[in-house]
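Visitor: Those sequence lines, one after another, are chains A and B.
Position one of the first sequence corresponds to residue 1 (our numbering), numbered consecutively onward.
Position one of the second sequence corresponds to residue 1 (our numbering), numbered consecutively onward.
Hints may contain errors.
[What the hints assert, rightly or not] EDC-like, lysine to aspartate or glutamate: derived pairs with alpha carbons at most 16 Å apart:
hint, chain 1, residue 1, chain 2, residue 2
1, A, K285, B, E362
2, A, K215, B, E393
3, B, K355, A, E284
4, B, K448, B, E256
5, B, K167, B, E192
6, B, K409, B, E362
[To be verified] Stretch by stretch, here's where chain B covers chain A in the computed footprint (C-beta under 8 Å, at least three residues):
hint, segment
7, 267 to 275
8, 278 to 288
Because the hints were derived from the structure by calculation, they are not lab data.
Here the structure is a predicted model, which is why all the values come from computation and not from measurement.
Even for Gly, the Cβ is constructed at its ideal location relative to N, Cα and C.
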Amino acid sequence: MTEVSARERETAAEGAVVSIGSHLKNHLRDYGMLLALVVIMAFFQVVTDGTLMRPVNLTNLVLQNSYIVIMALGMLLVIVAGHIDLSVGSVVGFVGAVAAVMLVQYELPPLVVIPACLILGMLIGAAQGYWIAYWRIPSFIVTLAGMLVFRGLTLWVLQGQSVGPFPRSFQGLSTGFVPDLFGVGRPNVTAILLGAATAAILVFMAVRNRRRHMKYGIEDEPFVFFAAKNGLIAAAIVFLSYMLATYRGFPNVLITMAVLTAAYTFLTNSTTVGRRIYALGGNEKAAKLSGIPTERLTFLTFANMGMLAALAGLIFAARLNTATPKAGVAFELDVIAAVFIGGASMSGGVGKIVGAVVGAFIMGVMNNGMSILGIGIDYQQVIKGLVLLAAVIFDVYNKNKST
Amino acid sequence: MKNIHMQPILEMHGITKSFPGVKALDDVNLTVARGEIHALVGENGAGKSTLMKVLSGVYPHGSYDGDIVFEGKPVAFSGISDSERDGIIIIHQELALVPLLSIAENIFLGSEIARGGVVDWPETNARTETLLKTVGLREKPVTRVDTLGVGKQQLVEIAKALSKKVKLLILDEPTAALQENDSQKLLDLLLELKAEGISSVLISHKLNEVSRVADSITVLRDGKTVSTLDCHSEKISEERIIRDMVGRDMAHRYPERTPEIGETLLEVSDWNVWHPLHTERQVIRGASFRVAAGEVVGIAGLMGSGRTELAMSLFGKSYGRNISGTVKLRGKEIDVSTVGRAVANGLAYVTEDRKALGLVLEEDVMRNTTLANLARVSKNGVINNAEERQVAERYRKALGVRTPSVFQKVMNLSGGNQQKVVLSKWLFTEPDVLVLDEPTRGIDVGAKFEIYTIINELAGQGKGVVMISSEMPELLGMCDRIYVMNEGAIAGELKGSEANQEKIMSMIVRS
Numbered sequence: 001m002t003e004v005s006a007r008e009r010e011t012a013a014e015g016a017v018v019s020i021g022s023h024l025k026n027h028l029r030d031y032g033m034l035l036a037l038v039v040i041m042a043f044f045q046v047v048t049d050g051t052l053m054r055p056v057n058l059t060n061l062v063l064q065n066s067y068i069v070i071m072a073l074g075m076l077l078v079i080v081a082g083h084i085d086l087s088v089g090s091v092v093g094f095v096g097a098v099a100a101v102m103l104v105q106y107e108l109p110p111l112v113v114i115p116a117c118l119i120l121g122m123l124i125g126a127a128q129g130y131w132i133a134y135w136r137i138p139s140f141i142v143t144l145a146g147m148l149v150f151r152g153l154t155l156w157v158l159q160g161q162s163v164g165p166f167p168r169s170f171q172g173l174s175t176g177f178v179p180d181l182f183g184v185g186r187p188n189v190t191a192i193l194l195g196a197a198t199a200a201i202l203v204f205m206a207v208r209n210r211r212r213h214m215k216y217g218i219e220d221e222p223f224v225f226f227a228a229k230n231g232l233i234a235a236a237i238v239f240l241s242y243m244l245a246t247y248r249g250f251p252n253v254l255i256t257m258a259v260l261t262a263a264y265t266f267l268t269n270s271t272t273v274g275r276r277i278y279a280l281g282g283n284e285k286a287a288k289l290s291g292i293p294t295e296r297l298t299f300l301t302f303a304n305m306g307m308l309a310a311l312a313g314l315i316f317a318a319r320l321n322t323a324t325p326k327a328g329v330a331f332e333l334d335v336i337a338a339v340f341i342g343g344a345s346m347s348g349g350v351g352k353i354v355g356a357v358v359g360a361f362i363m364g365v366m367n368n369g370m371s372i373l374g375i376g377i378d379y380q381q382v383i384k385g386l387v388l389l390a391a392v393i394f395d396v397y398n399k400n401k402s403t
Numbered sequence: 001m002k003n004i005h006m007q008p009i010l011e012m013h014g015i016t017k018s019f020p021g022v023k024a025l026d027d028v029n030l031t032v033a034r035g036e037i038h039a040l041v042g043e044n045g046a047g048k049s050t051l052m053k054v055l056s057g058v059y060p061h062g063s064y065d066g067d068i069v070f071e072g073k074p075v076a077f078s079g080i081s082d083s084e085r086d087g088i089i090i091i092h093q094e095l096a097l098v099p100l101l102s103i104a105e106n107i108f109l110g111s112e113i114a115r116g117g118v119v120d121w122p123e124t125n126a127r128t129e130t131l132l133k134t135v136g137l138r139e140k141p142v143t144r145v146d147t148l149g150v151g152k153q154q155l156v157e158i159a160k161a162l163s164k165k166v167k168l169l170i171l172d173e174p175t176a177a178l179q180e181n182d183s184q185k186l187l188d189l190l191l192e193l194k195a196e197g198i199s200s201v202l203i204s205h206k207l208n209e210v211s212r213v214a215d216s217i218t219v220l221r222d223g224k225t226v227s228t229l230d231c232h233s234e235k236i237s238e239e240r241i242i243r244d245m246v247g248r249d250m251a252h253r254y255p256e257r258t259p260e261i262g263e264t265l266l267e268v269s270d271w272n273v274w275h276p277l278h279t280e281r282q283v284i285r286g287a288s289f290r291v292a293a294g295e296v297v298g299i300a301g302l303m304g305s306g307r308t309e310l311a312m313s314l315f316g317k318s319y320g321r322n323i324s325g326t327v328k329l330r331g332k333e334i335d336v337s338t339v340g341r342a343v344a345n346g347l348a349y350v351t352e353d354r355k356a357l358g359l360v361l362e363e364d365v366m367r368n369t370t371l372a373n374l375a376r377v378s379k380n381g382v383i384n385n386a387e388e389r390q391v392a393e394r395y396r397k398a399l400g401v402r403t404p405s406v407f408q409k410v411m412n413l414s415g416g417n418q419q420k421v422v423l424s425k426w427l428f429t430e431p432d433v434l435v436l437d438e439p440t441r442g443i444d445v446g447a448k449f450e451i452y453t454i455i456n457e458l459a460g461q462g463k464g465v466v467m468i469s470s471e472m473p474e475l476l477g478m479c480d481r482i483y484v485m486n487e488g489a490i491a492g493e494l495k496g497s498e499a500n501q502e503k504i505m506s507m508i509v510r511s
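Just chain A, same shape as in the assembly (with noise of 0.2 Å):
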């Protein structure tokens, strides 16, 4: 026995703070993909002559990309369980098409058709989940089902026609922006502060956090690396919301994407769900045999994701100021895309959220990107699915080196 523990002393203390190289090979992956975003923005940055960074183009990314993150964020639960969503492109439509009729022709206060939109998402996603959970009918076979009948259902609703305008109030949850409280304006100090804030709270939270790694002699992040990283993640958070503060400061979007992707990371980190969740994607037949309710998880997994899909397409809606029977197509594509490029795994129980809303953001910046340089939609089609293939190839390369 004190053979065992010697040996085990020597390799937990193998197991600490190792080599640069060493360690930069194991985590490839995941500095990998802030790497690439980074490499991406210079690059666009270079090509269009500084126009990417421009404040005005940086809200607009922002406010582009919201709801591909948005729905980033439940497909990324929905991917870990092991499944797949075709439908949410349409249920966007679906539901900005919803809103639309009772906000225009029946004149509602957004106070009741916001709520209302989220319920018919959630059960839209509860009712393709029951299929799935308990009748284990592929969620390919379902929400490519889904897909069809919302994008048709969304047509039979606007009757063919676009509707709309909408009242500011409900415009106010995409075009809106966080007032400033200080009453500067240029630059919008609440913003700024909130951006310095934002970026001191990760930094304690990644100081502490390390600490206790410490401690339990499981922090494997050489310090030059954890500085770096952390040093670069705040001082762009404090650039770009200055930059952001110098047009019009926070969109309302940006917040709520930024409380839902710190509330799905705590969830998917640290509560008895998410933990089950990855369970249930990396082995269903063990989670099913440790006591895990496998087909509710699985049930609750697509309702969540409806929700997000609804609250897409509110924003979607509100920022195009009327709902068209074209809205969010093919947006599950780049939803999907986004999940993977972020290194999610096809066959379940690998994934991040922080992965995904960088790979929803890598795909954004290209969109944008490529857009102003006026590249046609053509070849932005061949890029994104060359990347797309090329980040899932660097994945199962490294995996297959590590084993």
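Since the structure of chain A is already known, use the hints to place chain B on it.
Guide: Only chain B this time, still in chain A's reference frame:
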């Protein structure tokens, strides 16, 4: 009568095959005479299937030591297609038919009668018809295989073998899934084929069948040839075969334990389970058993005898349908209808297949340890990381899991350590009764001893332990009482002190 001086069709000399850490075959010899039915018997894990895989080229030449001489020529197969070309055909226990294709399509799968890639259906069906007549199966060639019963599917497999100009037919437990009269038909067919000069090797646990058709018998034990018996020169008794199969000496050592048996904990009465898909098949028939505090109870039986099905159906109805019977804990009836309720009522089940059913391989030791009882390390659904880690560390130390840290993914651990993680998971649910299904399968001797020690400690703490195992010495070395299962029923019960392998084997083969 057969001529024993005839040249043998197959000779295998000094076959030795090693897997990492295990010598599966150790200097095995097997000689099959031309035109005979040669039975190959032995316990689970004795090396029968491994030997047949060596013969058929599943383990290619070069991955084992020793020589194979077939029809007087040394052979070196590098795959199944090589051995099939020479006329050695193996029919596995799990049939290798495509259920949605017709009989004719299955028989000629991979060797289609075709010209330029276009299948000649009239010829295919005509030849199939002839083959079906030979094996005595009255079905049309176009009948889909999934509409046939297991017995008829077995015959289709044999017809397929015949289509390949078989010289030596190997059947691995062909009657395991068959009803009595189907078994008889199959054995008659083997005798007919023998009359036509086809030799066969029959792997079987059913000694009455072996006695009926075999010309000679080779007994394997622990990867070695124990004896080769000629059924024509002397009358071979079943006792003799059983003795050779199980051997006399205990191969392993077991940690000492003085049993302190208390009140009856778990009592299962009249437990009946039906197959989840083949609804007419009853898998468990009126099984009743009990476990007391501090007691280690074994369940012996062959593969397919229903041991795992019994355990899984008890544990949250995880197997089967139309389950009936009562389960009592400390005299009070308990609800085991879902895994959650079974766990809450004090049951734990450590699965036979730890990778497929026991662990989330992508996740670390800590997360696997707490998975079945997350509520204990969380408050309002939020996991307390520090507490979770402490729990994982505690069980890692208590069970001696060898891992750099509890944050190691379990896929990187050895089999023995993985098994300890599964045990940790279930111990953390603080069960009254643990059902361990093949707890030492696929782990090395040292780790086995550690697992046995853990089992003894659990019994010492007053828990009831049910141990399902195919390794009889293990049951004899560990258990206070042993139930013997056969064909879904409890065939008998033996006190640990009175049990021996002969008694268990004879309960199985005679029930």
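Visitor: All hints are to be evaluated individually against the structure, with a verdict given for each.
Guide: Taking the hints in turn, this is what the structure says about them:
no. : hint                : verdict
1   : K285(A) <-> E362(B) : holds, 14 Å
2   : K215(A) <-> E393(B) : holds, 14 Å
3   : K355(B) <-> E284(A) : holds, 12 Å
4   : K448(B) <-> E256(B) : holds, 14 Å
5   : K167(B) <-> E192(B) : holds, 14 Å
6   : K409(B) <-> E362(B) : holds, 6 Å
7   : 267 to 275          : holds (count 5)
8   : 278 to 288          : holds (count 8)
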